[in-house]
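Q: Throw the hints in and build the complete structure from the sequences for me.
Each chain, written out:
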Amino acid sequence: DTAVSQTPKYLVTQMGNDKSIKCEQNLGHDTMYWYKQDSKKFLKIMFSYNNKELIINETVPNRFSPKSPDKAHLNLHINSLELGDSAVYFCASSQDVAGGKNEQFFGPGTRLTVL
Amino acid sequence: AQKVTQAQTEISVVEKEDVTLDCVYETRDTTYYLFWYKQPPSGELVFLIRRNSFDEQNEISGRYSWNFQKSTSSFNFTITASQVVDSAVYFCALSELSSGNTGKLIFGQGTTLQVKP
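For the protein sequence lines, the chains are A and B, in the order given. Every letter in the first sequence is one number past the one before it in my numbering, and letter 9, counting from 1, is 9. Every letter in the second sequence is one number past the one before it in my numbering, and letter 43, counting from 1, is 43.
Simulated from the structure, these hints should not be mistaken for laboratory data. This one's a predicted model, so the numbers in the text were calculated from it and none came from an experiment. Mixed in with the good hints there might be a few duds.
Below, a sample of chain A positions facing chain B; criterion: calculated Cβ distance under 8 Å [what the hints assert, rightly or not]:
#1 45
#2 54
#3 55
#4 101
#5 103
Idealized CB from N, CA, C, for every residue including glycine.
A: In structure tokens form, the structure reads like this:
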């Protein structure tokens with residue numbers, strides 16, 4: 001059984017388009033995250049939701065909008081895609097925030113390529 | 001400010017060699033958590049270990065061992081008798097209580113380990 005799943009795995013699109021990445025976890029966790037991994041492999045947090053409430057928004061352009069319809073899902077919508085948005089986007093979940101002590105389980109990643 | 005430094009960008013060893021991956025962190029918190037993750041060529045991120053700031057005991061899990069030293073703000077990872085399957089990017093990460101109880105992970109730059117047969 002997949003613990004954290006993301007769709008699609010690959011996304012190739014033109015500049016200016018709008019796209020969404022979906023994430024689902026079946027671990028019963030309360031907290032979900034989006035991370036961006038750039039071409040140099042650097043991982044940086046973008047957003048975090050705890051019980052469907054936004055708790056982290058790390059200076060991400062307004063073109064990026066997360067949505068959490070329920071605790072098991074955290075989707076990422078990106079408007080007006082730019083070349084610099086090309087990266088691998090990882091979804092993750094943890095049992096809860098608990099002061100940061102809980103390990104995060106990551107999805108397989110979505111490789112976004114903007115042409 | 002919180003920061004994680006993995007000074008070794010790439011390491012190449014021959015199978016069966018021991019290898020240590022360095023991780024140095026900066027934090028003003030007294031309560032924090034350190035993690036190691038593995039990212040194999042297939043791309044997924046795999047959790048390896050968590051250590052809290054109050055537990056300086058070293059940990060061993062099979063061929064993997066971790067050395068946590070608060071005095072030097074380091075949390076190093078050693079692979080004994082490395083194997084080709086250990087080839088991956090390894091990330092050290094930090095989570096602090098003072099990050100507003102958000103669970104936010106600060107990652108190091110990663111160390112790419114190549115184990116040659």
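Q: Taking the hints in turn, state whether each one holds.
A: Hints versus structure:
1. Residue-level restraint check for residue 45/A holds (minimum Cβ-Cβ distance to chain B is 6 Å; threshold 8 Å).
2. Of the supplied interface hints, the one on residue 54/A is violated, with its beta-carbon coming no nearer than about 10 Å to a beta-carbon of chain B, more than 8 Å.
3. Restraint check, residue 55/A versus chain B: the minimum CB separation of about 5 Å is within 8 Å; hint holds.
4. The closest approach between the C-beta of residue 101/A and any C-beta of chain B is roughly 5 Å, which is under the 8 Å cut-off, so the hint is satisfied.
5. Evaluation of the residue 103/A hint against chain B yields a held restraint, the C-beta minimum of about 5 Å falling below 8 Å.
The structure fails to meet hint 2 from the earlier list, while all remaining hints are met.
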